[in-house]
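Let the sequences and hints guide you as you build the complete structure.
For the record, the sequence lines run as chains W and F.
Be aware that the first sequence starts at 1, since it is given in this note's numbering, and climbs by one per residue.
Be aware that the second sequence starts at 1001, since it is given in this note's numbering, and climbs by one per residue.
Bear in mind the hints are in silico, worked out from the structure with no lab data behind them.
Ideal Cβ placement from N, Cα and C applies to all residues, glycine included.
Take the hints with a grain of salt, since some may be wrong.
As the list claims (entries may be wrong) - Pair by pair, the computed Cβ-Cβ distance ranges are:
1. F:1100 with W:99: 38 to 44 Å
2. F:1249 with W:207: 54 to 60 Å
3. W:177 with F:1113: 27 to 33 Å
4. W:278 with F:1078: 37 to 43 Å
5. W:99 with F:1113: 23 to 29 Å
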Amino acid sequence: MKKFATLVLAAVLVCLCLSGCGGSELTLNVYNWGEYISDGSDGSFDTVREFETWYEETYGQAVTVNYSTFASNEDMYSKISSGAVSYDVIIPSDYMIARMAQEDMLLPLNFDNIPNYKNIDDAFKGLYYDPENKYTVPYTYGIVGIIYNANVVDEADIGSWDLMWNEKYADKIVQFNNSRDAFGTAMYKLGIDVNTNDKALWDQAYEEMLAQRPLVYSYVMDEIFNMMEAGEAAIGAYYAGDYFTMADAQAENVDLQFYYPERTNYYVDAMCIPSCAQNQELAEIFINYMLSEEPAVANALYTYYASPNSAVYNNPDYIAEMGEDVIEVLYPDLGNFSEQYNTYAFRNLDAEMLDYVNTLWENIKIN
Amino acid sequence: MKIGSKIYTTIVFAFLFAPIVVMLIYSFNDSKSLSVFSGFSMRWYKELLNDRNTLESVKNTLILAFSATAISTVMGTAAAVGIEKLRGKWYCRTLKTVTDIPMTNPDIITGISLMLMFVFVGRLVGARTSLSFWTMLIAHVTFCLPYVILQVLPKLQQMDKALPEAAMDLGCTPLRAFFKVELPEILPGIITGAIMAFTMSLDDFVISYFTTGNGFETLPIRIYGMTKKTVTPKMYALATLIFFTTMSLLIVRNLVDNDQRREKKEKKDIYAIK
Chain W
1 MKKFATLVLA AVLVCLCLSG CGGSELTLNV YNWGEYISDG SDGSFDTVRE
51 FETWYEETYG QAVTVNYSTF ASNEDMYSKI SSGAVSYDVI IPSDYMIARM
101 AQEDMLLPLN FDNIPNYKNI DDAFKGLYYD PENKYTVPYT YGIVGIIYNA
151 NVVDEADIGS WDLMWNEKYA DKIVQFNNSR DAFGTAMYKL GIDVNTNDKA
201 LWDQAYEEML AQRPLVYSYV MDEIFNMMEA GEAAIGAYYA GDYFTMADAQ
251 AENVDLQFYY PERTNYYVDA MCIPSCAQNQ ELAEIFINYM LSEEPAVANA
301 LYTYYASPNS AVYNNPDYIA EMGEDVIEVL YPDLGNFSEQ YNTYAFRNLD
351 AEMLDYVNTL WENIKIN
Chain F
1001 MKIGSKIYTT IVFAFLFAPI VVMLIYSFND SKSLSVFSGF SMRWYKELLN
1051 DRNTLESVKN TLILAFSATA ISTVMGTAAA VGIEKLRGKW YCRTLKTVTD
1101 IPMTNPDIIT GISLMLMFVF VGRLVGARTS LSFWTMLIAH VTFCLPYVIL
1151 QVLPKLQQMD KALPEAAMDL GCTPLRAFFK VELPEILPGI ITGAIMAFTM
1201 SLDDFVISYF TTGNGFETLP IRIYGMTKKT VTPKMYALAT LIFFTTMSLL
1251 IVRNLVDNDQ RREKKEKKDI YAIK
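As structure tokens, this is what we get:
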């Protein structure tokens, strides 16, 4: 009896293992930021399901998309570098792409499978994280600007980073609660290269940050949404796409407005294929699908971030849906985007510099 | 109750329930904001019902929690019976301490070490990806087990050892004696253990995060993924629903418990009269 029971248990365990490893059905594993794709909620376009249907109609074979989300580039990186998982398409940010490319964690794309790449504006090619356009297809981009409450702030004071240092608005200013972004505001203000390895320049930015500290109401990340919406804070820097989210929810006596200062931070999130991918061709077909008009427009509408895809920003329905004024803010005329981007975007600092910057940052927060 | 203790109780309850009440209220907010209440609406509940990915992750969470609970309850009860049989042997204490380790160990250590082990074994077997639903299930059973054992052991100790012996004396096989006599005695412990295992599995984030594989996303992991952008009020709606479900489960359990206690008391009274 006992032996029999043990045998049964062992058999069950073996079966479990086998069923866990087996399965030859076509699957595609996608790893993306949370809330970063049109997912069918509120009657929107369900990108993943639509892709599955489209693929089956076009290629006559069923495909299952496993869609998972991450909360930060670092989370995604550690998960993939552990070697325990395999994803076919990932959408990290620029600096993480540079790091992964350097560490041979990305596969060069076969652009024969991605004909829609022609939709990508030339301004988004040859950016620093992928100078030869080998590994990436850009998905969204964003620019940091200053959000202010027009009921509190004088029209005459706006236009530059100086607003965040203006003593008139003491205790109404919120600053980023992470070292890179916070120092960035001071360095753009002073015209210092944000990726410099010169400690003296960082010290200069540090002095600027110290001067600002008495004026700062709070150092925040996501809390900025509620503070600005409720009128608790009146000035803060954040991404253009997020400004619209805040403006949508602002309280009655709050009038949120937005502008870009002269020098500012840019980011690009791009689709790439990690070297652990199991089906590169399918991944490329998916990337190509994401660039085609319907899903690309749906995703841009859903995420509220700017798209580098000409099929999106030239689409009349998209422009009508977003509204001309929104388009104007989201897609400012930048002149030469790639030059601006390559000059002002954050890059990876080496370990020693990062240490130094973090020490300065801690000093600001402790003092 | 004295006035002091009244105030104290109020404060304790306020701390416990204020966050839930705030969430509950804002789940009915018409806008996305957490600070401006712009009107009552069921909008987020509607959106939640249309959000297939979130519902999928709820389903995943429940599948995982139910299977982990079932497996760990059976294994834990068997383990508790075994440990109880070893009472008096020198290694019994050691065994008990060892089974407690997954509970006292910080989650992050359990999570990382499990992940390393899965990756190691996966490489050994030559699998391309070592993490999947099954690794997650193993991990959940691992940390649920001690809670079941901990709940069942005291019930076994309280039980009159003469009961199963009497049953066997009257011709029961040991197995039958266990199912007919011991099991009903320790059942309340098993149920409590199962409920604890279920709740532990339901809200675990850290261990799940390290052991989850491609595409199997549980609710805590999904919510964490949203924190980079803003968490949508859909989540407040979902959390409100979950809160009320657990609440009603607890109430039902308490009612059942009270009934049982009353029954037992009546039985005892009858015996006493006899």
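Run through the hints listed earlier and report the numbers of any the structure violates, in increasing order. Going through the list in order, the structure violates no hint and respects every one.
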